Amino acid sequence: AQSVAQPEDQVNVAEGNPLTVKCTYSVSGNPYLFWYVQYPNRGLQFLLKYITGDNLVKGSYGFEAEFNKSQTSFHLKKPSALVSDSALYFCAVRVMNSGYSTLTFGKGTMLLVSP
Amino acid sequence: DTAVSQTPKYLVTQMGNDKSIKCEQNLGHDTMYWYKQDSKKFLKIMFSYNNKELIINETVPNRFSPKSPDKAHLNLHINSLELGDSAVYFCASSQDGLDTHEQYFGPGTRLTVT
Numbered sequence: 704a705q706s707v708a709q710p711e712d713q714v715n716v717a718e719g720n721p722l723t724v725k726c727t728y729s730v731s732g733n734p735y736l737f738w739y740v741q742y743p744n745r746g747l748q749f750l751l752k753y754i755t756g757d758n759l760v761k762g763s764y765g766f767e768a769e770f771n772k773s774q775t776s777f778h779l780k781k782p783s784a785l786v787s788d789s790a791l792y793f794c795a796v797r798v799m800n801s802g803y804s805t806l807t808f809g810k811g812t813m814l815l816v817s818p
Numbered sequence: 019d020t021a022v023s024q025t026p027k028y029l030v031t032q033m034g035n036d037k038s039i040k041c042e043q044n045l046g047h048d049t050m051y052w053y054k055q056d057s058k059k060f061l062k063i064m065f066s067y068n069n070k071e072l073i074i075n076e077t078v079p080n081r082f083s084p085k086s087p088d089k090a091h092l093n094l095h096i097n098s099l100e101l102g103d104s105a106v107y108f109c110a111s112s113q114d115g116l117d118t119h120e121q122y123f124g125p126g127t128r129l130t131v132t
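In order, the protein sequence lines correspond to chains Z and X. The numbering used here puts the first residue of the first sequence at 704, with every later residue one more than the last. The numbering used here puts the first residue of the second sequence at 19, with every later residue one more than the last.
Treat the hints as calculated values from the structure; they're not laboratory data. Everything numeric in this text was worked out from a predicted model, so none of it was measured. Among the clues, some could well be false.
[Claimed, not checked] Stretch by stretch, here's where chain Z covers chain X in the computed footprint (C-beta under 8 Å, at least three residues):
1. 63-74
2. 110-118
[What the hints assert, rightly or not] Listed below are the simulated PhoX-like cross-link pairs for lysine-lysine, each with C-alpha atoms no more than 25 Å apart in a straight line:
3. X:LYS59 <-> Z:LYS780
4. X:LYS58 <-> Z:LYS810
5. Z:LYS752 <-> X:LYS54
6. X:LYS37 <-> X:LYS85
7. Z:LYS780 <-> Z:LYS761
8. Z:LYS810 <-> X:LYS85
9. Z:LYS725 <-> X:LYS27
10. X:LYS70 <-> X:LYS85
11. X:LYS89 <-> X:LYS58
12. X:LYS27 <-> Z:LYS810
13. X:LYS89 <-> X:LYS40
14. X:LYS27 <-> X:LYS85
15. Z:LYS810 <-> X:LYS70
16. X:LYS58 <-> Z:LYS725
17. Z:LYS780 <-> Z:LYS725
18. X:LYS70 <-> X:LYS54
19. Z:LYS810 <-> Z:LYS752
20. Z:LYS752 <-> X:LYS59
21. X:LYS27 <-> Z:LYS752
22. X:LYS59 <-> Z:LYS725
23. X:LYS37 <-> X:LYS58
24. Z:LYS772 <-> Z:LYS810
25. Z:LYS752 <-> Z:LYS772
26. Z:LYS725 <-> X:LYS62
27. Z:LYS810 <-> X:LYS54
[Claimed, not checked] FRET-style restraints, in silico, Cβ to Cβ:
28. Z:MET799 <-> X:ASN80: 31 to 41 Å
29. Z:TYR764 <-> X:ASN80: 37 to 47 Å
30. Z:GLU711 <-> X:THR77: 23 to 33 Å
31. X:HIS95 <-> Z:GLU711: 34 to 44 Å
Backbone N, C-alpha and C fix where the C-beta goes; we use that ideal spot for every residue, glycine too.
Isolated chain X (complex conformation) (with noise of 0.2 Å):
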């Protein structure tokens, strides 16, 4: 079974529009976490959820916007897309919000803005 899992993998589309990124874990965590990849492999947190609601947010974009319909769950929109905004976006999550523990990541979804 796969702990966290992000859908799309891929996701190709034009400056200007929206899109959604999704991402579950069945591990029973607490806390999720989107994190962007860039194309140095510079990796940044973004936000970070536990039990639903927002605790960090790394000075995002307001286009994007997570949202927790429930703690398995951590969603990314993004709206009015940007060149800059190709990466790849992580997905993780942890038992708590105190990295006493491992974070498990998701095998990422890779953005393409044109």
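Extracted from the complex, chain Z is given alone in its bound form (with noise of 0.2 Å):
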């Protein structure tokens, strides 16, 4: 089955710190990885996307995140987290149904950056 996995409920980082998010994918063929974040109460907002090219994606509010095919991972990454970045954050993978795509999250992993 295709799919993504956050192996992680929650990730605590104080402010100033880096911080990163995990991701691991499985797919069939060359994966399209997504990162969306939502903050309470609200919809999920866009991130970043892989879909081919450079490894190193970067996307809105400083974050990154690193395309690595070997590991078939996709983290997460902010040089110096701030403490509204806290917030839950889904990474996904586009999975193809009947020649029209879907998009498969995880389970989300909730960010807490303390002051």
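Can you join these two chains into the complex? Each is in its own frame, and there are hints to help.
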């Protein structure tokens, strides 16, 4: 089955420190990978995507993600965390279904940035 | 301007009732979706429409009936509501049905069935 896994339910980091939120994937063919963020009582917001090209993808709010084909990973990173980055982060992979695509989401990782 | 809007934001109702949730996007997108997010925040696709046509139905009970009067609107009607239907329902849209572009999500409708 094509899927993504987010092994951490929660990541805690102090403000100013670098952060990493992990994601691994399992798909047939070339993966299309996405990161979304959900703030409390809000809908999901797109952060970044990997379709093809450079393995290091830059996105919104200073986030970036590194695509690693050999490790089937797509970890989300930020060099210096802000308290306002505290939110629920979802990794997603495109799954093709009868010629159309859907996104399969991971279970989410809660990021808590302490002052 | 709100890109993807949903009404109502909150919906509290009793078991057995029928209710509808409305969704509108002003982005000119061809594809719209309904997702269900359960109490553990797990997010799952329910339906996908492309240019008013149903293209994905992820084994959702037939008590759930989506309707797309035009490509800017995708409504969700739920018959005979059950306790297990309590969740947050998100509408989303994207430029096409191929997910080469990001999806834009509405603010969600929190449905509570008592």
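Against the structure, the hints:
no. : hint                             : result
1   : 63-74                            : holds (count 5)
2   : 110-118                          : holds (count 5)
3   : X:LYS59 <-> Z:LYS780             : 22 Å, holds
4   : X:LYS58 <-> Z:LYS810             : 8 Å, holds
5   : Z:LYS752 <-> X:LYS54             : 22 Å, holds
6   : X:LYS37 <-> X:LYS85              : 13 Å, holds
7   : Z:LYS780 <-> Z:LYS761            : 10 Å, holds
8   : Z:LYS810 <-> X:LYS85             : 28 Å, violated
9   : Z:LYS725 <-> X:LYS27             : 32 Å, violated
10  : X:LYS70 <-> X:LYS85              : 8 Å, holds
11  : X:LYS89 <-> X:LYS58              : 31 Å, violated
12  : X:LYS27 <-> Z:LYS810             : 23 Å, holds
13  : X:LYS89 <-> X:LYS40              : 13 Å, holds
14  : X:LYS27 <-> X:LYS85              : 19 Å, holds
15  : Z:LYS810 <-> X:LYS70             : 30 Å, violated
16  : X:LYS58 <-> Z:LYS725             : 19 Å, holds
17  : Z:LYS780 <-> Z:LYS725            : 9 Å, holds
18  : X:LYS70 <-> X:LYS54              : 20 Å, holds
19  : Z:LYS810 <-> Z:LYS752            : 18 Å, holds
20  : Z:LYS752 <-> X:LYS59             : 21 Å, holds
21  : X:LYS27 <-> Z:LYS752             : 29 Å, violated
22  : X:LYS59 <-> Z:LYS725             : 17 Å, holds
23  : X:LYS37 <-> X:LYS58              : 23 Å, holds
24  : Z:LYS772 <-> Z:LYS810            : 21 Å, holds
25  : Z:LYS752 <-> Z:LYS772            : 15 Å, holds
26  : Z:LYS725 <-> X:LYS62             : 20 Å, holds
27  : Z:LYS810 <-> X:LYS54             : 13 Å, holds
28  : Z:MET799 <-> X:ASN80: 31 to 41 Å : 25 Å, violated
29  : Z:TYR764 <-> X:ASN80: 37 to 47 Å : 41 Å, holds
30  : Z:GLU711 <-> X:THR77: 23 to 33 Å : 29 Å, holds
31  : X:HIS95 <-> Z:GLU711: 34 to 44 Å : 38 Å, holds
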